[in-house]
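**Q** Sequence:
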Amino acid sequence: MTDPADLTLVDLLPLLETRRLSARELVEACLARVEAYEPQVRAFVVLTPELARGAAESADAARAAGRPTGPLAGVPVALKDLYLTRGVPTTASSRVLEGHDPGIDAAVWERLSAAGAGLLGKTTLHEFAYGTGSHPTRNPWDLTRTPGGSSGGSAAALAARMVPVATGSDTGGSLRIPAAACGISSLRPAQGRVSTYGALPLSRSLDTAGPMARRMRDVSLLLRLLAGHDPRDPGSLDEPVPAYPDDGRDDLSGVRVGTATRWFWDDVDASVAATCRSALGRLVARGAELVPFDPPPDTERVLAFPGAYGGLMGPEALEHHAPWLAEREHLYGPAVLHRLAQAREITPELHAQARQDRRRWQEQWRAVVAGHRLDAVAHPTLPEPPPVQPDSGRGPGASLRTTRAWSVSGFPALSVPAGLDDRGLPVGLELAGTPEQEAGLVGLGITLDEDVQLWRSRPRCTPDNPLDAGGTV
Numbered sequence: 001m002t003d004p005a006d007l008t009l010v011d012l013l014p015l016l017e018t019r020r021l022s023a024r025e026l027v028e029a030c031l032a033r034v035e036a037y038e039p040q041v042r043a044f045v046v047l048t049p050e051l052a053r054g055a056a057e058s059a060d061a062a063r064a065a066g067r068p069t070g071p072l073a074g075v076p077v078a079l080k081d082l083y084l085t086r087g088v089p090t091t092a093s094s095r096v097l098e099g100h101d102p103g104i105d106a107a108v109w110e111r112l113s114a115a116g117a118g119l120l121g122k123t124t125l126h127e128f129a130y131g132t133g134s135h136p137t138r139n140p141w142d143l144t145r146t147p148g149g150s151s152g153g154s155a156a157a158l159a160a161r162m163v164p165v166a167t168g169s170d171t172g173g174s175l176r177i178p179a180a181a182c183g184i185s186s187l188r189p190a191q192g193r194v195s196t197y198g199a200l201p202l203s204r205s206l207d208t209a210g211p212m213a214r215r216m217r218d219v220s221l222l223l224r225l226l227a228g229h230d231p232r233d234p235g236s237l238d239e240p241v242p243a244y245p246d247d248g249r250d251d252l253s254g255v256r257v258g259t260a261t262r263w264f265w266d267d268v269d270a271s272v273a274a275t276c277r278s279a280l281g282r283l284v285a286r287g288a289e290l291v292p293f294d295p296p297p298d299t300e301r302v303l304a305f306p307g308a309y310g311g312l313m314g315p316e317a318l319e320h321h322a323p324w325l326a327e328r329e330h331l332y333g334p335a336v337l338h339r340l341a342q343a344r345e346i347t348p349e350l351h352a353q354a355r356q357d358r359r360r361w362q363e364q365w366r367a368v369v370a371g372h373r374l375d376a377v378a379h380p381t382l383p384e385p386p387p388v389q390p391d392s393g394r395g396p397g398a399s400l401r402t403t404r405a406w407s408v409s410g411f412p413a414l415s416v417p418a419g420l421d422d423r424g425l426p427v428g429l430e431l432a433g434t435p436e437q438e439a440g441l442v443g444l445g446i447t448l449d450e451d452v453q454l455w456r457s458r459p460r461c462t463p464d465n466p467l468d469a470g471g472t473v
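According to full-length UniProt numbering, the sequence shown is numbered sequentially starting from 1.
Worth flagging that the hints you see were computed from the coordinates, not collected in a lab. Treat the hints with care, as some may be off.
[What the hints assert, rightly or not] Computed Cβ-Cβ distance ranges for the label pairs, DEER-style: (1) A322 with G87: 23 to 31 Å; (2) R24 with R359: 26 to 34 Å; (3) H372 with G87: 34 to 42 Å; (4) E35 with R344: 38 to 46 Å; (5) E327 with A65: 26 to 34 Å; (6) R355 with R456: 17 to 25 Å; (7) R366 with P292: 13 to 21 Å; (8) E289 with R359: 44 to 52 Å.
Glycine is no exception: its CB is placed at the ideal position from the N, C-alpha and C atoms.
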């Protein structure tokens with residue numbers, strides 16, 4: 001039998017439900033992977049095997065007794081360590097919050113826990129999701145490289161097959177960037193689709209919660225559990241949850257995928273671009289049409305760093321951190337202190353202008369999508385391979401150059417594996433659209449993911465004990 005740790009969520013659930021696999025066996029398989037690869041990958045801030053085992057034992061007992069169980073009963077999950085968890089410290093990978101027990105659970109964890117999931121551990125991130133380095137976490141595909149951020153720990157844990165389900169958050173690209181770097185799938189949902197209650201904030205205007213998994217079908221399943229209105233979150237959407245699909249489409253006739261004539265494909269590494277073009281060719285082979293278009297007229301002004309993105313995020317981050325800075329500034333890392341110092345230069349007038357620019361940017365994208373009758377916009381998630389560690393000296397501009405376009409808009413955007421480049425590293429293709437198109441984007445992502453099937457491939461987790469890079473399960 002295939003090692004349970006290698007199975008994706010949609011393959012695991014039928015085995016658990018029919019008791020061909022016990023939840024305890026699944027948890028122990030994941031913990032064996034943690035023991036083997038965590039010393040090299042370093043994806044976790046804290047491990048909670050007793051919680052994962054407890055949830056598994058409860059799920060197994062319920063199934064044995066014929067009692068109803070939740071849809072994720074006994075499934076181990078990893079949470080990005082900015083989601084508050086009662087009884088388990090939440091540190092945001094910062095010494096500022098070392099040992100911090102919030103006494104409450106984030107909405108994302110409430111929903112996963114209510115579905116029966118068990119917490120395997122909490123994963124690393126750039127400090128407060130605001131730093132610029134991924135150390136100490138390494139990319140399982142190449143241990144010399146960064147896993148991307150800021151949700152790099154969750155992406156690395158998934159790629160190393162230490163856990164089948166994880167969560168992240170996205171302010172400027174922090175779900176999509178590590179997904180692309182580590183060869184997994186994720187969606188930044190429309191702003192407010194998933195509650196951010198109980199997630200340590202960076203920017204209330206931009207922060208978005210979302211799931212991560214090795215397979216886009218898993219992401220879709222998780223969205224059905226996580227999405228929905230939460231009155232505790234002031235930005236939560238009070239509208240019906242999209243009908244996220246179970247599967248993709250064989251026939252894409254009539255589907256129009258936009259490719260921008262500038263900016264989004266400019267200065268992209270040749271092998272990354274070729275891998276993304278090849279992935280788009282798979283969609284065309286199923287009947288989709290590629291539609292060139294000129295990006296919105298404000299593109300350069302809105303996206304030039306810091307632009308509207310920095311104008312929104314900076315003052316809001318500074319407001320959130322002000323109390324801690326007053327008492328514990330010496331505990332912050334230098335990268336976060338540098339960015340908070342930059343935020344002080346953004347005046348209230350610039351912040352107000354950024355809000356105005358955001359509204360205009362949304363209107364311009366709606367006009368582009370409607371005018372060209374687009375079902376999705378496609379471009380490389382990252383313009384280049386993940387950089388070699390240490391990356392703490394790199395600014396965020398290059399990696400955020402295209403992802404922040406969708407953060408500023410508040411529109412949904414996903415990253416799905418396009419394949420491997422000529423270095424053997426994963427490449428992500430970003431698909432984005434309007435909030436009304438979110439379910440369709442997920443369906444398109446599933447279609448491509450089920451064709452490429454990078455989720456079958458195993459990355460190198462250690463130089464001495466590879467998982468047969470390029471092999472399949």
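**Q** Next, verify each hint and record whether it holds.
**A** Hints, verified against the model:
At about 28 Å, the CB distance of A322 to G87 agrees with the hint of 23 to 31 Å. In this structure the supplied range 26 to 34 Å is violated for R24 paired with R359, their Cβ-Cβ distance being about 51 Å. Between H372 and G87 the beta carbon distance is about 51 Å. The supplied range of 34 to 42 Å is therefore violated. Distance hint check: the CB atoms of E35 and R344 are about 45 Å apart, consistent with the given range 38 to 46 Å.
As the Cβ distance of E327 to A65 is approximately 51 Å, the hint placing it in 26 to 34 Å is violated. One distance hint, 17 to 25 Å for the beta-carbon pair R355 and R456, is violated here, with the actual separation near 44 Å. Our hint of 13 to 21 Å for R366 and P292 holds, since their Cβ atoms are close to 19 Å apart. One distance hint, 44 to 52 Å for the beta-carbon pair E289 and R359, is violated here, with the actual separation near 31 Å.
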